[in-house]
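Student: Starting from the structure of chain A, add chain B where the hints point.
Protein chains: 2
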Amino acid sequence: MFGVTILGNNSALPAYDRHPTAQIVTLNEQLFLIDCGEGTQMQLTRYKIRRSKISHIFISHMHGDHYFGLAGLLTSFSLMSREQDLHLHAPAPLKQILDLQFSTADTRFTYKLHFHPLNGDGIIAEDEKFSVEAFKVFHRIDCWGFVIREKKKPRKIDVERISGKNIPAIFYDRLKNGEDYVTKTGEIISNESVTIANTPSRSYAFSGDTIYNEAICKNVKDVTLLYHEATFLKDQEERAASRFHSTTIQAAKIAQTANAKRLLIGHFSSKYETLDEFLTETSEVFPQTQLAIEGVTYIIK
Amino acid sequence: MFGVTILGNNSALPAYDRHPTAQIVTLNEQLFLIDCGEGTQMQLTRYKIRRSKISHIFISHMHGDHYFGLAGLLTSFSLMSREQDLHLHAPAPLKQILDLQFSTADTRFTYKLHFHPLNGDGIIAEDEKFSVEAFKVFHRIDCWGFVIREKKKPRKIDVERISGKNIPAIFYDRLKNGEDYVTKTGEIISNESVTIANTPSRSYAFSGDTIYNEAICKNVKDVTLLYHEATFLKDQEERAASRFHSTTIQAAKIAQTANAKRLLIGHFSSKYETLDEFLTETSEVFPQTQLAIEGVTYIIK
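Residue numbers (this note's numbering), protein chains in the order written: chain A, 11 to 311; chain B, 11 to 311.
The shape of chain A in the complex, shown without the other chains (with noise of 0.2 Å):
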C-alpha cells in the first residue's frame, strides 16, 4: 500500500474545522509524516492512525503552520514510551527553537531523534524500498518540496520463455536486473526476451507553499501523484503571487507541464468556506485533479 492520508488542508489560519498543514505517507509498514500544523497530534489521534510507525518527519518550511504541533508530538512520543529511533529532516534553524522548547521544559526523551537538516537539492532519505528527495520551490522564505519513490523494482524471469535458453540459474539476478545473457557462441539473448517488467515504481511529490513557478517541473516530472498547493481561485492571482502562493490554475498548469499522472490540491485559503470552486477550476485544466480532504487517504496507483 502506497498512499496519503490528509491530516490538513487549510491554510495559516484554522478555520470551518479545517487544519493547517499535516500529511501521513503510507508505504507498506512504513509512515512518514510530511509537515506538522498545530494539532497535528490530535488529527493522528483523529484518524486513528498509527504513530510509532512514523520513522521520518519531513517539514518543509518555518512557517508555523507547518510545524507548530511539531514539540508537542515528539513530547507526547515520550510520554508514550516510543524507543524507535525517529529522523527529523527541517530548515536548519528548527534545531535552535526545538532544543530551547525541550532544555527549558526539562523534556526525557525515550528515544533517539535525529535531526537532518535541508539543504539544496537532492535525496535526503532512502532504503532498499524508497527514497525521499527534496527540491527547493519559491516562498518567501526558504522553503522545500519532496518526492517519495518507491524503488525500481527488478524485471521478473519469464519462466517459459526462458527454458531451454541455457542460461545458468546464477545470471538470474543479473537478468532481473536488466542485463542481456551472451552465449560462450557469442550469441546474446536479449533481456527483453526472456523477462518481464515489472509494475512500475510509484511516487508521490508533496511541492510545498509556492508561488506559481515552472522551475518546480523538472523535479516533479512523471510523477505518479502531486500535491500542489492551491491557496487561492483563479480570480486572486495577483493576491496569490503577492503573498507567494499559487491558484487553482496554476496548480494544473505545474501538473500538466510535469506530466503528473494526477493531481492533488490543498493549502485552502481561510476566506473560502466551500470548496468545489477549486476542483471545478483546477480540472478545467488538468483533469485528474483531486481535492484534498481531511482525513481521506489517496492510494497512489
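Just so you know, not all the hints are guaranteed correct.
[What the hints assert, rightly or not] Sample of chain A residues at the chain B side, in silico, Cβ under 10 Å:
{"id": "1", "residue": "T85"}
{"id": "2", "residue": "L89"}
{"id": "3", "residue": "F112"}
{"id": "4", "residue": "R150"}
Since the hints were derived computationally from the structure, they do not count as laboratory data. Just so you know, even glycine gets a beta-carbon here, dropped at the ideal spot from N, CA and C.
Tutor: Same frame as chain A, but now just chain B:
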C-alpha cells in the same frame, strides 16, 4: 459577568477529545487567557469565544502542554488584523523561543505584543477594575499560579438614612470609601450608619501544575473559586508526588485549608477515560467541588 471557561482540562498527552490546559477568564468586557496548550485557537473557535477581546495572556510554566498553542494564536491575531495591544505574562525563557519562531518565519505583527517576564510573587497586572497576582507553586520546573480579583467596590450611600444628617455632598466620595464624618461640633457620624456595603469583591485563583504544598494556601486564601490541578485519583499519591502533581484529596485539602468558597479541579491524566471518580473523591473532603469540563463556563459568584 465574572467567570471562567475551560478550553482544555487534560494533562500533557491529549486524549478522549480532552485538550491540554487553557482557560478563558471573562471579567465584564475583558478576557484573560490562562495557559495556551496546543489547539487553543481551535478551541476558541469551537466555543465561539471572541478572541479579539483577550487583553492579557498568562502562562504558568514552560511545559509544552501549557504553551505550545501560543505561537499559533499570536500569529493568527495578525492574520486577523488585530490592532489592540496584547500583554503576555510568562516565564522569561518564553521570550527567546517566540522571538526565534517569529524572526525565522519573518512574521509581520499588526499589533503590539508586550512581554512581561514573571518574577517571584506579586501584582503583575491591574487597572481600576481588577488585579492579577502571581505566586510561585511547586513543580518540576518554575511554575506560577495567578489570582484574579475584582477591585473592592466602594460602599453605597444609604439615601434614606443620610437625609437630615447635614453631610455635605462633597464628602460623599470619602463616605463611599469608608470614612466616618465628623461634624463641626465634633460629633462622629459613623460610616456604617449612612452607607451600605456593596457586594463583596470576587476572586478566581488558578494554581498551576503543583505537588501538594500547603504554602499555596496563603496565596489563595478566601478566594471565591479556586482551580487546583488533580492529575491523579487518591490511590496514585506516590505517582503524583514523583511527577510534581496532586491528587483529588490533595486538591480538596488545599481548598479546605485556604477557605476557598468553591473548588474546580482539572489537568486530568490521560490514563483516565472517565472523570466521575475525580468528583466523588474530591467532594468527600470538599463538597463544593466541580469538574473542569471543556466548553463549560463557571460563574464566579
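Student: So, for every hint listed, does it hold in this structure?
Tutor: Results of checking the hints against the structure:
1. T85: 5 Å, holds
2. L89: 5 Å, holds
3. F112: 9 Å, holds
4. R150: 6 Å, holds
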